[in-house]
Structure formats: structure tokens, C-alpha cells
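Asker: The chain contents come next:
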Amino acid sequence: MAGAGVSIRGLWFTHAHAPAPALRDVSLEIAPGELVGIVGRNGSGKSTLCLALNGVVPHLLPGERIGSVVVGGIDPATTTVREMARVVAMVFDDPDAQVSQTTVADEVAFGLENLGVPWGEMDGRIRSALTAAGLGGLERRDPATLSGGEQQRLAIACAIAMRPSVLVMDEPTANLDPAGRAAVFEIAARLHRDDGMTVIIAEHDVEALAEHASRVIVLDAGAVVMDGPPAEVFGRIAGASDDGVAVPEVTSLAARLGERPGRPMPVTVDDAVAWLGDAG
Amino acid sequence: MSEAPSPIVEVRNVSFRYGRNGPPVLEHLDVEVPRGQVVALAGRNGSGKSTLARLLNGLLRPTTGSVVVGGLDTSRNPPRRMAAHAGYAFQNPNHQLFASTVAAELAFGPRNLGVAEAEIAERVADAAARLGLEGVLDRHPYHLERGARKLVAIAAVVTMRTPVLILDEPTTGQDRRTSAMVRALIDDLGAGGTTIVCISHDMRLVADAADRLLVLDGGRIVADGTPRAVFGDLSAIARAGLAPPQITRLALRLPKRAEPWPALTVDELAGAVRHGAADAS
Numbered sequence: 684m685a686g687a688g689v690s691i692r693g694l695w696f697t698h699a700h701a702p703a704p705a706l707r708d709v710s711l712e713i714a715p716g717e718l719v720g721i722v723g724r725n726g727s728g729k730s731t732l733c734l735a736l737n738g739v740v741p742h743l744l745p746g747e748r749i750g751s752v753v754v755g756g757i758d759p760a761t762t763t764v765r766e767m768a769r770v771v772a773m774v775f776d777d778p779d780a781q782v783s784q785t786t787v788a789d790e791v792a793f794g795l796e797n798l799g800v801p802w803g804e805m806d807g808r809i810r811s812a813l814t815a816a817g818l819g820g821l822e823r824r825d826p827a828t829l830s831g832g833e834q835q836r837l838a839i840a841c842a843i844a845m846r847p848s849v850l851v852m853d854e855p856t857a858n859l860d861p862a863g864r865a866a867v868f869e870i871a872a873r874l875h876r877d878d879g880m881t882v883i884i885a886e887h888d889v890e891a892l893a894e895h896a897s898r899v900i901v902l903d904a905g906a907v908v909m910d911g912p913p914a915e916v917f918g919r920i921a922g923a924s925d926d927g928v929a930v931p932e933v934t935s936l937a938a939r940l941g942e943r944p945g946r947p948m949p950v951t952v953d954d955a956v957a958w959l960g961d962a963g
Numbered sequence: 568m569s570e571a572p573s574p575i576v577e578v579r580n581v582s583f584r585y586g587r588n589g590p591p592v593l594e595h596l597d598v599e600v601p602r603g604q605v606v607a608l609a610g611r612n613g614s615g616k617s618t619l620a621r622l623l624n625g626l627l628r629p630t631t632g633s634v635v636v637g638g639l640d641t642s643r644n645p646p647r648r649m650a651a652h653a654g655y656a657f658q659n660p661n662h663q664l665f666a667s668t669v670a671a672e673l674a675f676g677p678r679n680l681g682v683a684e685a686e687i688a689e690r691v692a693d694a695a696a697r698l699g700l701e702g703v704l705d706r707h708p709y710h711l712e713r714g715a716r717k718l719v720a721i722a723a724v725v726t727m728r729t730p731v732l733i734l735d736e737p738t739t740g741q742d743r744r745t746s747a748m749v750r751a752l753i754d755d756l757g758a759g760g761t762t763i764v765c766i767s768h769d770m771r772l773v774a775d776a777a778d779r780l781l782v783l784d785g786g787r788i789v790a791d792g793t794p795r796a797v798f799g800d801l802s803a804i805a806r807a808g809l810a811p812p813q814i815t816r817l818a819l820r821l822p823k824r825a826e827p828w829p830a831l832t833v834d835e836l837a838g839a840v841r842h843g844a845a846d847a848s
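Going down the list, the sequences are from chains A and B. First residue of the first sequence? That's 684 in the working numbering, and the numbers climb one at a time after it. First residue of the second sequence? That's 568 in the working numbering, and the numbers climb one at a time after it.
No lab work stands behind these hints, which were simulated from the structure alone. Any given hint might turn out to be false.
To be verified - Listed next, the in silico SDA-like pairs over lysine to any residue satisfying Cα-Cα at most 20 Å (straight line):
id : chain 1 : residue 1 : chain 2 : residue 2
1  : B       : 823       : B       : 837
2  : B       : 823       : B       : 789
3  : B       : 823       : B       : 788
4  : B       : 823       : A       : 797
5  : B       : 823       : A       : 960
6  : B       : 823       : A       : 831
7  : B       : 823       : A       : 956
8  : B       : 823       : B       : 779
9  : B       : 823       : B       : 843
10 : B       : 823       : B       : 806
11 : B       : 823       : A       : 872
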């Protein structure tokens, strides 16, 4: 399952009854197989943008949409959320709200049944999705007895069992402990690297994004205000005095010590060790 | 002759299991918290942090041992009485919020405690200002986005002005600006003498706000000290499933430069690096 591209042109969206647009003139081209981070303060439009990719916006969350969204060749507004689920899978921040079945395997099967996947194919898909999410061997467990981190990996297994071309995660690690957080990012990185899946992650954990994403998009008041490699984007934010978007602490350190012309700003601990090692 | 102030929280040889035959969640815990201390509780999911927090405000009672908060033994006092001593802001605000406006949510706790209406209004305004909720007091909590809903849950406990305040993952879903508000709230209340127990995976918050860091693993305390001392032992904290803030992880990769060590903040490490560079020249 190769990744699909995402093409957004001049997208405006105003939720029904909302006083102001949640998205303002967003244009983005995401190539198949990219791992992209979306950052921005709360209320900047990250969640709305995520939901515009699978058609929940505007089908289930109505409002006024202008512009176009094309994911894997389809505009989500012109098809059903159910059809879009074959192309785009979503993972949210609250894994326990996503669980409804009595065993881990049934949880994954549930979504596949909804898609009408033939019985003969199910077992194989369930097994490979659970293995990819690091849950092999837990097929018979009751999802309610899993840890928060395991539940979130189950939500990812459910998502990737659908064999989507695009995986969209909205603050997937917000409620997880550090080990659970690291596991989610490693799974995302592996799907991107080994399977060529397009992965889009909206996150406040900029240090994890800096580690894994090749590109970071910054939203502010519904508009794209920055878009580039993590070193460039976080370097620019660290140099400005913006209180809305966090940057990796090592990037703040480098900004404090003074940029080095021609050297990318560090965004990971390894980067920073090298950056400081070249000092003086 | 002066006496050491008696601790406001005394956890004595506490073990806890859910139900008669459940596995032990906490084993032989001893913790004393002096009045006004800001204590962070950290550990992987399932380490017993939230159970300990619920024991402190009387929502749970120890299987064996005793928990005494503000001189009241939680096993001998109803949760309602304990709630006046230890307020608890839940991790998931949806488990806590039920009023139809933010203002009503913030007024509910103090009204229940019998606080006069004029003072309730003053407390609501104060808590709303601290957490940036002035503009949403008339809104329904469920119409707010999740980060704001969490702030409402915190504010609803802050208005009770309990001597002990327990915050469960207060910065989850917060951005940089609102995280800073939570941090300022902890600083202000702590400086004012409120004892704060803060469960958090947010090691930046822990480093900035806590006087003391308790690390739980498998129902036992595996580290107890200042955040700097605890973060300095990288292998111990890694065994408990945690990692120090990114800047401290960097500091620990560099040759030791200057006290305080390891650096906990960007300012500290920037100072140490400049100092080191000056030494070398």
C-alpha cells in the first residue's frame, strides 16, 4: 500500500454558527510517502485541517467550505466518510473513546467488517496490523485492560488494518507516558519508511516531531504561516519571540548562543552535540 | 525550642489493591509532604500515580496503612470532608465537568463548601483570570476545545482554595502559552502556601515548577529528590520509563561545565556553555 498525495488549494472552512473561519486560504501539496508534522497553538485549525482530509469536515461537522481538497485523487467532500476511510485513516488523542469491542482482534475486525473486507482476508490483515503496532500476542485481550499506550497502539492497528494510503493522527500522544509516546512515533516512522505510507501528525510534542518528521507545517489562526524542514521552521520560530508554538529546547539554546551562518539549527540532542562540538 | 512544621500530607506504610484479590497497585509507601511544597509525581502509565493521588483526597482508602491530610485520616473521614482539604483536578476533564456554563462549573465547588456568594464571585473571577478563561465564562464546557476544557477542570478545583491541590496531568493538550499559565498558577499558589501534588509526564513542567520529584514504578517509590538530582541519574530514570527534558539530556551528553549541574533550563545551559567557552580561551 503505497502512500497517496494530498493536494489542498485555497481551502477556507467556517464551522456552522462559528463567528470566524477555522481555516483560511490553506494551500498545501504533500507528496506520497511524506511524514509531515502540523504544529500551532490551540485553536489554530490543526484538528479542522485533519478532519478535512477524511471528509468528517464537512460531512459530519458542517460548515462553509471553499477551495479544494484532494487525497489519493478523491475530494472527500464529494464522497462519503465511509468511502474515504479506505484512503485516509484517523487516530485521535483519546484512545479509550475509540474502543468498543471485547477483544483486541475484534476491535481491529470491526473496522474491516464495516469496509466489507472478505472474511478470508481478515485474519491476515488483523495479524499484520497488530504486529506493526507492536501488539502481536495480545489478540484475545480485552481492550479495556490495556494501558493507555497499548490502547493508542490498538487505535493505530485499527487504522492501518484498513490499508490506508494516508494516516492522519491528531495529538496521538497527548495522553501517553514517555515510553508510549516514543512507541507511537516509532510506528509512524516505520510506516513512512518501510511502507511508504503518507503520515500526517498534529502534535504539541515538537521534540518528537523534530526527531521523525521531514517537514513541519505551522498553522496560526487557520492559515499556514511556515512550512519547511524542522531545522528551518523551528530555527525561525526560536529566533522570533512567538509564545504560541514551542520549539525543541536545543533549538532555543542555539538561538540563545547565536546562529552560525551556513549551519542548520539543531533540533535533536544529537544535532546539538555536533553543533556545540563545532563551537569556537 | 522550635519544632519542625508537621507535614500536611502523611502517607504511612500504605499498600493498596483494587478489590479483595486484585494485584497490589501500591506497596508499603511512605511519603511526607511539608506544607507549601510542590511535589511532582511521575512514572509510566500504571505505576500507581493516579491511585496515590486518589488516596490523598480520600476518593480511595488504603488497603493497609494510613493517609493523613491536614490532620484528617482519610480512612475515618468521608470523602466529602476530605474534599475541603484536598482538591483534585482529574486527568480527563470529561470525568469531572457537568455544569452547563464555565462560570457555574467554577462556582460549584466553593458553593458546596458553603462559601459566601460574594466571595464565590471573586474566586471565580480570579481563577478564570489565571487560566485565561474570562472570555468563555458563559460558554458550555463541552463546546470548548479540549485544552480549554482541561483548564476549566483545573479552575473548578482552584476556586475551592483547598490547602492541598492535586493536579493530574494539567498540561495535557496545552500549547506553549496555556502551559505557561498552568506553570504560573502552580508557582503562585505554591508561593502562597498551597501544597501541590502534580502528576505529570511533562518533564518541562516538572523541571520548572516542582520542588521535589517522586518517581513511582511498580507501586513503589524509586526516586525522590529535587528534579535536578533525579534527572541527573539517567539510568535510574530510564528504568522507570522516563526521560529528562531535552535540554537536560543534552547537558548530560556534554563534559561537566559548571554548577548547577545538570542544567534544567535553556538559560542554565546557555550560561554554562558560555562560561565553559570563556574558561577555554
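Asker: Decide, hint by hint, whether the structure agrees.
Answerer: Results for each hint:
no. : hint             : verdict
1   : B:823 with B:837 : 13 Å, holds
2   : B:823 with B:789 : 25 Å, violated
3   : B:823 with B:788 : 28 Å, violated
4   : B:823 with A:797 : 58 Å, violated
5   : B:823 with A:960 : 14 Å, holds
6   : B:823 with A:831 : 37 Å, violated
7   : B:823 with A:956 : 13 Å, holds
8   : B:823 with B:779 : 23 Å, violated
9   : B:823 with B:843 : 9 Å, holds
10  : B:823 with B:806 : 23 Å, violated
11  : B:823 with A:872 : 33 Å, violated
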